[in-house]
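So the chains spell out like this:
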Amino acid sequence: MRKAARATVHLGLAAGLTFGSYLFITMILLAVAGAVVVVGLGVLPETVLLMRRMASAKRRQVAAWTGHEIPEAYLPIRGRLRESLRVATHDPCTYADLRWMVAHYVYGWMVLLALPLWPAALLVDGVRHLLGRAPAVLPLITRLADTEARWSTALLKPPPKARLAERVQRLTTTRADAIAAHGAELRRIERDLHDGTQARLVALSIRLGLAKRAYDRDPETTRRLLDDAQDQVDQALTELRHVVRGIHPPILTDRGLAGAVRALAASSGLDVTVDVAALEDGTRPPAAVESAAYFIVAEALTNAAKHSDADRAEVRLVKEAKALRVVVRDDGRGGAESPTTGSGLVGMRRRAAALDGEFTMTSPEGGPTLIEVVLPCGW
Amino acid sequence: MRLVIAEDNALLREGLVMLLTSAGHEVVAVAGSGPEILPALLTHRPDAAVLDVRLPPGFRDEGLRAALAAREQLPGLPVLVLSQYVEQSYAGELLGGGASGVGYLLKDRVGRVDEFLDALDRVATGGTALDPEVVTELLTNRRDSPLDSLTPREREVLKLMAEGHDNTTIASTLVVTERSVSKHIGNVFLKLGLPPSDSGHRRVLAVLAYLNNA
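Those sequence lines, one after another, are chains A and V. Using this note's numbering, you'd call the opening residue of the first sequence number 1163 and step up by one each time. Using this note's numbering, you'd call the opening residue of the second sequence number 633 and step up by one each time.
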């Protein structure tokens, strides 16, 4: 009974949307007619955006009934009129949405079939209930809603071409990001070497030069200069180690990702449970994936210790068919999306995006924080 | 002599000051950024300036630009520019227009204290000090030129000449007599088609002009 009621609500909402699309189709006809006389061209992108909003609302409504999300693959409409017009008219989704709308015109009124069923259901199923039989009419209402949802799902699924277009769009963006991030990284390394190691070595050279000059006449000064020089060497080496670690952590080369993550966990200051069994058989993802996974785990653990006041954390590396999944969970106070901890998160997202990976984080106020990254790779 | 230096890295600043004062020079002002250089030079009117190329605020070529600006306002001010990397075009800009009393050295050379102080003296007295790496680049970046007809010894002489050394230094560096150095130089000028020139700064400029244009 309750399910049938929900089904009716679903169908009712569908009818509401259908009424909306009646208005809308009138509008779009006006826009198309207007486009002929050029004036309406300006309205077209807005119209397509509105249609997208209606289709999105419908997707959510269907998802609420079926429990299955319907993906979207719209190309972003933005920029100048010419550009947004091009996208609006070239996006295969525009035509798919239009098709759905016209079809919905017809099948959107199923609630009209469902409503008359209710008196019949109350009568027939009431009697059947008294006779101890299962209801026969109420499930029909549910079936109606199911049918409506199935048709909508089929019509609202983005066409393969649209998915492809959306993917190209995404790859273009992430590729540009990756190139920018790479450039910034090179500049940072150059600065570190220029201001740190190179300067240190010059200072060291000066000490040695002065020591040589003082060698014969002033052994005391010579000794002091040599002591200074040795300190400079130690510091130059320390700085060089930091720079090298920032480029490619040597432990990744030595121990692989599993060993490197264990080392990170050990030095994080947290009680970390590490599950890297998937990689213990010696298989190794490509170097770029290892490196990204390493820096993401490092950043996540640093954030957990520094910003979220966690005591415990869990790191898991999972080998999937065509990807490496990295999961980091901590028991801290969450709220990681606040702007103060932004840059580290942006870095993690970038690293994942550069490899066409997915980054998801849930971090409600009060915790816990859960970070999941999927990095595509072959094994 | 009285010197103004510009260096933003505290470590190197301290090292430079130590080195220069130990050699009996006086550092009258230290600039930590590009915009501080010109006022310091105008206030102190030093005998020479030792400037780092890359300085705040932009960390680009502030020191070099300050050097060029300074020489416009204080013609003949000897300027020794230090850099952590060699950029041939920088050397060209400094030496442009037959300038005298300029030097362009890698910072690495500072550790060879005696040679560095010698280069500074040369610049301060109107000579030239060009980093061997710049000269090597000048010599190797060209093909099919009369340079190919030089003997290895003549090339060495040309290189030292281009760095700004006089006959005496060239002779002692190559462990030959000054007379044979003069002979080599004569041959070099002949082979490159340069008019014979007396020793000194004009000779260096002639060689550099040749190398820059060849």
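What the hints contain is simulated information worked out from the structure, not anything from laboratory work. Watch out, some of these pointers could steer you wrong.
Chain V is nowhere near these chain A residues, computed Cβ spacing over 10 Å in every case [what the hints assert, rightly or not]: (1) Arg1261; (2) Ala1340; (3) Ala1361; (4) Leu1366; (5) Ser1429; (6) Arg1487.
Computed footprint of chain V on chain A, listed as stretches where at least three residues anywhere in the stretch have a Cβ under 8 Å from a Cβ of chain V [to be verified]: (7) 1368 to 1374; (8) 1464 to 1472.
Some, not all, of what chain V presents toward chain A, calculated at C-beta under 7 Å [claimed, not checked]: (9) Leu644; (10) Arg645; (11) Leu651; (12) Thr653; (13) Val742; (14) Gly743; (15) Val745; (16) Leu749.
From the three backbone atoms N, C-alpha and C, an ideal C-beta is built for every residue, glycine too.
Each hint, compared with the structure:
Listed as outside the interface, Arg1261/A is consistent with that label: its C-beta sits roughly 57 Å from the nearest C-beta of chain V, beyond the 10 Å cut-off. No beta-carbon of chain V comes within 10 Å of the beta-carbon of Ala1340/A; the shortest separation is about 25 Å. Consistency note on Ala1361/A: stated as away from chain V, yet its beta-carbon is not over 10 Å from all of that chain's, at 5 Å minimum. The Cβ of Leu1366/A sits about 8 Å from the closest Cβ of chain V, inside the 10 Å cut-off, so the non-interface label is violated.
Every beta carbon of chain V lies more than 10 Å from that of Ser1429/A, the smallest distance being close to 29 Å; the non-interface claim holds. No beta-carbon of chain V is positioned within 10 Å of the beta-carbon of Arg1487/A; the least distance is around 41 Å. With 6 residues bearing a CB less than 8 Å from a CB of chain V, the stretch 1368 to 1374 of chain A meets the requirement of three and the coverage assertion stands. Closer than 8 Å: that is the beta-carbon criterion, and the stretch 1464 to 1472 of chain A has 0 residues meeting it against chain V, so the requirement of 3 is violated.
For Leu644/V, the shortest C-beta to C-beta distance to chain A is roughly 5 Å, which falls under 7 Å, so the interface hint holds. With a least beta-carbon distance of about 10 Å to chain A, the hint placing Arg645/V at the interface is violated under the 7 Å criterion. Checking Leu651/V against chain A: minimum C-beta separation of about 5 Å stays under 7 Å; hint holds. Checking Thr653/V against chain A by beta carbon gives a least distance of about 11 Å; that is not within 7 Å, so the hint is violated.
For Val742/V, the shortest C-beta to C-beta distance to chain A is roughly 6 Å, which falls under 7 Å, so the interface hint holds. Proximity of Gly743/V to chain A holds as hinted, the smallest CB-CB distance being about 3 Å (cut-off 7 Å). A least Cβ separation of about 4 Å between Val745/V and chain A falls short of the 7 Å threshold, and the interface hint therefore holds. Interface hint status for Leu749/V: violated, as the beta-carbon distance to the closest one in chain A is roughly 10 Å, over 7 Å.
In summary, the numbered hints that this structure violates are 3, 4, 8, 10, 12 and 16.
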